[in-house]
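Here is what each chain is made of, one letter per residue.
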Amino acid sequence: MKAVLLRFGELFLKGENRHLFEMALFNNIKKKLQGEKFKLSKTQGRLMVTEFDDEKTIVEKLTTVFGLHSLSVADELDANEDSIYEYCKNIKLRAKTFKVEVNRGDKRFPIKSMDLASKLGEIILENNIDVSVDLFNPKQKIMVDIRANGKAYIYDKVINCQGGLPLGTSGKALLLLSGGIDSPVAGYMMAKRGLKLEALHFHSYPYTSPEAKQKVVSLAEKLSNYNDEIKLHCISFTNVQEAIHKYCSPEFMITIMRRIMMRIAERICKREGLGAIITGESLGQVASQTMQSMTVTENVVENTPIFRPCIGMDKEDIITVAKKIDTFETSILPYEDCCTVFLPKNPVIKPKLHQAENEEKKLDLESLVEKALASEEVIFVKPNE
Amino acid sequence: MIYLDNAATTKMSEKAGKEQLYWSCSKYFNPSASYEQAFEVAQALAGARERLKKLLGVKRGDVIFTSGATESNNLAIRGSVRDGDWNYIFSAGEHASVLNVAKALEKEGKNVKYIPLTKRGDVDLDALINLIDSKTKFVSCMFVNSVNGAINDIAKLVKIVRERAPRAVIHVDGVQAFCKIPFKLEELDVDLFSISAHKFHGPKGVGALYVKNKATLKNMIFGGGQEFDKRSGTENIPGIMAMLVAAEEIDVRANFEKVKKLNDILVKQLNHQGIEFVGTCEKSPYVLTFICDGVNGETLVRMLEKDVVVGRGSACSSKKAGNHVLESMGYSLNKIKGVLRVSLNAQLDENQMEEAGKIIKKKYLELLEKMK
Numbered sequence: 002m003k004a005v006l007l008r009f010g011e012l013f014l015k016g017e018n019r020h021l022f023e024m025a026l027f028n029n030i031k032k033k034l035q036g037e038k039f040k041l042s043k044t045q046g047r048l049m050v051t052e053f054d055d056e057k058t059i060v061e062k063l064t065t066v067f068g069l070h071s072l073s074v075a076d077e078l079d080a081n082e083d084s085i086y087e088y089c090k091n092i093k094l095r096a097k098t099f100k101v102e103v104n105r106g107d108k109r110f111p112i113k114s115m116d117l118a119s120k121l122g123e124i125i126l127e128n129n130i131d132v133s134v135d136l137f138n139p140k141q142k143i144m145v146d147i148r149a150n151g152k153a154y155i156y157d158k159v160i161n162c163q164g165g166l167p168l169g170t171s172g173k174a175l176l177l178l179s180g181g182i183d184s185p186v187a188g189y190m191m192a193k194r195g196l197k198l199e200a201l202h203f204h205s206y207p208y209t210s211p212e213a214k215q216k217v218v219s220l221a222e223k224l225s226n227y228n229d230e231i232k233l234h235c236i237s238f239t240n241v242q243e244a245i246h247k248y249c250s251p252e253f254m255i256t257i258m259r260r261i262m263m264r265i266a267e268r269i270c271k272r273e274g275l276g277a278i279i280t281g282e283s284l285g286q287v288a289s290q291t292m293q294s295m296t297v298t299e300n301v302v303e304n305t306p307i308f309r310p311c312i313g314m315d316k317e318d319i320i321t322v323a324k325k326i327d328t329f330e331t332s333i334l335p336y337e338d339c340c341t342v343f344l345p346k347n348p349v350i351k352p353k354l355h356q357a358e359n360e361e362k363k364l365d366l367e368s369l370v371e372k373a374l375a376s377e378e379v380i381f382v383k384p385n386e
Numbered sequence: 066m067i068y069l070d071n072a073a074t075t076k077m078s079e080k081a082g083k084e085q086l087y088w089s090c091s092k093y094f095n096p097s098a099s100y101e102q103a104f105e106v107a108q109a110l111a112g113a114r115e116r117l118k119k120l121l122g123v124k125r126g127d128v129i130f131t132s133g134a135t136e137s138n139n140l141a142i143r144g145s146v147r148d149g150d151w152n153y154i155f156s157a158g159e160h161a162s163v164l165n166v167a168k169a170l171e172k173e174g175k176n177v178k179y180i181p182l183t184k185r186g187d188v189d190l191d192a193l194i195n196l197i198d199s200k201t202k203f204v205s206c207m208f209v210n211s212v213n214g215a216i217n218d219i220a221k222l223v224k225i226v227r228e229r230a231p232r233a234v235i236h237v238d239g240v241q242a243f244c245k246i247p248f249k250l251e252e253l254d255v256d257l258f259s260i261s262a263h264k265f266h267g268p269k270g271v272g273a274l275y276v277k278n279k280a281t282l283k284n285m286i287f288g289g290g291q292e293f294d295k296r297s298g299t300e301n302i303p304g305i306m307a308m309l310v311a312a313e314e315i316d317v318r319a320n321f322e323k324v325k326k327l328n329d330i331l332v333k334q335l336n337h338q339g340i341e342f343v344g345t346c347e348k349s350p351y352v353l354t355f356i357c358d359g360v361n362g363e364t365l366v367r368m369l370e371k372d373v374v375v376g377r378g379s380a381c382s383s384k385k386a387g388n389h390v391l392e393s394m395g396y397s398l399n400k401i402k403g404v405l406r407v408s409l410n411a412q413l414d415e416n417q418m419e420e421a422g423k424i425i426k427k428k429y430l431e432l433l434e435k436m437k
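Same order as they appear, the protein sequences are chains A and B. With positions in the first sequence counted from 1, the corresponding number in our numbering is that position plus 1. With positions in the second sequence counted from 1, the corresponding number in our numbering is that position plus 65.
In isolation and in its complexed conformation, chain A is listed as follows (with noise of 0.2 angstroms):
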C-alpha cells in the first residue's frame, strides 16, 4: 500500500501552541483534499495519507498547502525483517550510487538503525548491477521509516512543499489586488504566513474593461489554490477618480486615489474582521512606491497594520514567485487597470502630507467614500479545477 508521509515546516517551534497549529493543518489538508478519496491520520505527531486512488492529483495538492515542508511517497509494509528485507531485494536502483538511511520511530524494532541499513544495503547491492554505496554523496537515497504502528515506510524522494504557517493561523487579511505582477506575489507570500486572504479590487468602468476585471478574477482564482476561497470585494472607483481629476492638482491624482483607497479597504476590514491590510508596493518602484508617497498614504490608516511583503524586492525576483505560482502570465495581459486612467504627466514623487491634506479639502471626501462603498460587488473565487 502506498502512503503519502508529510513533514510539518516551523510547526515545531510553536511551544505550547503546537496542538492549534497541527490542528489547523489537519483541517486544511482535509480540505483541500475535499473530492478525492484519501484518509488522512496522525500518528506519533506526524500526519500521513493514505487510501487514496489519484497519486499525483493528492500529491500536486498537498504541494499548495502552507505548513507543510515536504512529503514523501512511500510503500508501507509490516515492520518486520522478512518483509522489509523481501521488499529490498525488489529494488531496481535508478542511479549509480546509494545509501539506506533507517529512522527507528519505534526503538522495540530488534535491530538497531545502523545496523538494518547496512544489512539492507548489502541486500540492495546483491540485486542490482554495477552499484556501489555511497554514504556521503550518493545519487539515491533509500529512507526506511519505522514506525510504532508496526508499519515500515520506504521511500527514495523528498518532495519540497511550501513551508509556512497553516492558512489562517495567522488570522485573516485584506489583499490590495490590482491585475499588476506584484499584488498576487504579496498575497501569496502573506497567506504562505498564516494569513487568510480576503481581496479588494479598484475599478474603473467604463474607463477600464470588463476584461480588466475579469483578469482580477482569474488572478484571485490562481491565488485561491493557496488560499481556498477568496472573498473578492469589487469598487467602483470611477466617481472617485473623475472627483480627483476635477478639483485636485492633476500631480496628485495617484496620492489622493491611493489615500481613498487605504480608506476604503481599512472600512471594509472593519466591517469583515480583516486584521491588515496587504499592497504589492515596491520600494521605488513608481511615483506611488517611494518613501515619502508611503508615508502620505499610510497617513489615513487609523489602526490597521499595513504589510507590503514585495518591499525589498527586485521586479525579477517578484516575477520569479509569480511565476511559480502560476499568476506572471494573467497579470501581463493587457488590460489598462484603474490606475492608468486619468494618468498624470508629472505625479509628484515626494509628496508632504499637508499638501496633500490641502487637495483633498477640496473633495467631499466622505460622500465618496461612502459611495464607492456601495457600489460594492462580492465574488467568491474558488481555485478552478
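Just so you know, the hints here were simulated from the structure itself, not pulled from any lab data. Check each hint, because a few of them may be wrong.
Derived DMTMM-like pairs: lysine to aspartate or glutamate, alpha-carbon spacing no greater than 25 angstroms straight-line [what the hints assert, rightly or not]:
hint	chain 1	residue 1	chain 2	residue 2
1	B	LYS371	A	GLU267
2	B	LYS269	B	GLU370
3	A	LYS363	B	GLU434
4	B	LYS326	B	GLU434
5	B	LYS371	A	GLU243
6	B	LYS437	A	GLU243
7	A	LYS247	B	GLU420
8	B	LYS435	A	GLU243
Computed far set for chain A versus chain B, every beta-carbon distance over 12 angstroms [what the hints assert, rightly or not]:
hint	residue
9	ARG19
10	LYS32
11	LYS43
12	ASN81
13	LYS90
14	LYS113
15	GLY122
16	SER210
17	GLN242
18	PHE343
19	LYS383
Just a few of them, taken from the derived set where beta-carbon distance is under 10 angstroms, the chain A residues facing chain B [claimed, not checked]:
hint	residue
20	PRO211
21	LYS247
22	VAL342
Positions of the beta carbon are idealized from the N, C-alpha and C atoms, including for glycine.
Guided by the hints, dock chain B onto chain A, whose structure is given.
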C-alpha cells in the same frame, strides 16, 4: 438598446433560423451518401449554388461553400499562390483575414506589395498602377471597407489589372457589400469573391467563395473531396440553406435607399464640433465612422452600451491599440483613439436613428467634459 454594430455581425433572421433547424433536424442526411434521402439533400445543395450565383448576379463560375469569410479569403489567397518569380498585391485596408495571410506570404519569401489608401479612404488606384507589372500573380482588394465604409472602384481596379497583368487573379472580399450594395458580379469581372452569412442576417460559421475558374484554384483542405475537391468536409447544409434564405429575404436596392436615409439622419444628429467623419470618398451607407476628438473611443463604447451598441472600426481588431485603415489614411494615433464605427441594418427606423445620434452626441460631450 439600439444595436448599431451590424458590420461586426447581424441578428439572424427568424426565417433563416427555421430553415437551419429544418435541415438540421428533419433533412439531416449526408449529401454524399447513396440513398434517396441523401440525394434529396444533394439536390438542394446543388440548387443552393445556383441560387447564390443568381443573388451575386453571375452566370459563369462556381460557388464553394466555406465556414465564413476568413476561410474564403485564406482559400482564395493560398489557393492562388504559385512557385516562381511572381508578386502579390494587397490593399493596405484589407481585413485581418487577408492582411495576415499576406504577412505570412512575406515571411515565406514571396514578393508582397501593398496598395496604400488615399486620404479620402478608398484604395489608391494611381499607386496600384505603379505597383503592378506583368509578374503580378494576385491582387486582393475589398469591395466595401469594413472600417471606414469606403466603396472601392472595383471595375476600375479590374481594368487596371487586366491591362497590365494578364496572368493576375483578382480577389475581392465582398463581405460588407453582398446583400448591401447593389452590384452584378458578372459586370465586375473578378475571379474570386468572398462572402459571409452572418453579415446579412444569416447564421455564423458559414460563407462562400465564388470562383470564376475553379481549375486555377489549388486545394487547401484535403479529405473526402467535397466542394469540387477544393474544400473537403461534410457540407454545412443547415448553414448553407439558412444563408440562402437570409439573402433571398433582402431587397438590396430598396434597403440601400432606406439605409441611405437613416445614415443621413445620423450624420445630421452627430454634426457637432469635435466629431469628425472619416472618409470623403464614395461610402456605403451601412457604415458610418467618425472620430470623437479628445476622448477614448473604448470608454465611450462602454458608456453607450446600455442605450446604443456601437463598434470601433472593426470587431476583430478592436482590442488592439491601432487601426491600420485609419493609419493608412494618415490619421494620428491620438485621433484614432477616439474612433467609433456605427453600422446599420435596414430594419432600423428613423426615430431610432435620431435617438441614437442624440445619445451618442450627449455621452461624447459628457465624457469630453470629464476628461478636461
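*Is the Cβ of ARG19 of chain A more than 12 angstroms away from each Cβ in chain B?*
holds (53 angstroms)
*Say whether it holds or is violated: LYS90 of chain A keeps its Cβ farther than 12 angstroms from all Cβ of chain B.*
Holds, since 57 angstroms exceeds 12 angstroms.
*Taking C-beta pairs only, is LYS383 of chain A more than 12 angstroms away from all of chain B?*
holds (28 angstroms)
*asked:* Using the nearest Cβ pair, does LYS247 of chain A come within less than 10 angstroms of chain B?
replied: holds (8 angstroms)
*With d taken as the least Cβ-Cβ distance between GLY122 of chain A and chain B, does d exceed 12 angstroms?*
Holds: least Cβ distance 60 angstroms, greater than 12 angstroms.
*asked:* If we take the beta carbon of GLN242 of chain A, is the closest beta carbon in chain B still more than 12 angstroms away?
replied: Violated: least Cβ distance 9 angstroms, not greater than 12 angstroms.
*asked:* What's the verdict on LYS247 of chain A and GLU420 of chain B, does the C-alpha distance respect the 25 angstroms limit or exceed it?
replied: violated (29 angstroms)
*For the pair we were handed, LYS371 of chain B and GLU267 of chain A, check the Cα-Cα distance against 25 angstroms.*
Measuring from Cα to Cα gives roughly 33 angstroms; hence the hint is violated.
*Assertion that LYS43 of chain A lies outside the chain B interface [Cβ separation over 12 angstroms]*: Its Cβ never comes within 12 angstroms of chain B, the nearest being 52 angstroms, so this holds.
*Closer than 10 angstroms between Cβ atoms is the bar; does PRO211 of chain A clear it against chain B? Give me holds or violated.*
Hint holds; PRO211 of chain A Cβ to chain B Cβ min 8 angstroms, cut 10 angstroms.
*Can we trust that ASN81 of chain A is non-interface, i.e. its beta-carbon lies farther than 12 angstroms from all of chain B?*
holds (65 angstroms)
*With chain B as the partner, please determine if VAL342 of chain A meets the hint condition of a C-beta pair closer than 10 angstroms.*
At about 8 angstroms, which falls below the 10 angstroms cut-off, the nearest Cβ of chain B leaves the hint on VAL342 of chain A intact, so it holds.
When held up to the earlier numbered hints, the structure conflicts with 1, 4, 7, 16, 17 and 18 and fits the remainder.
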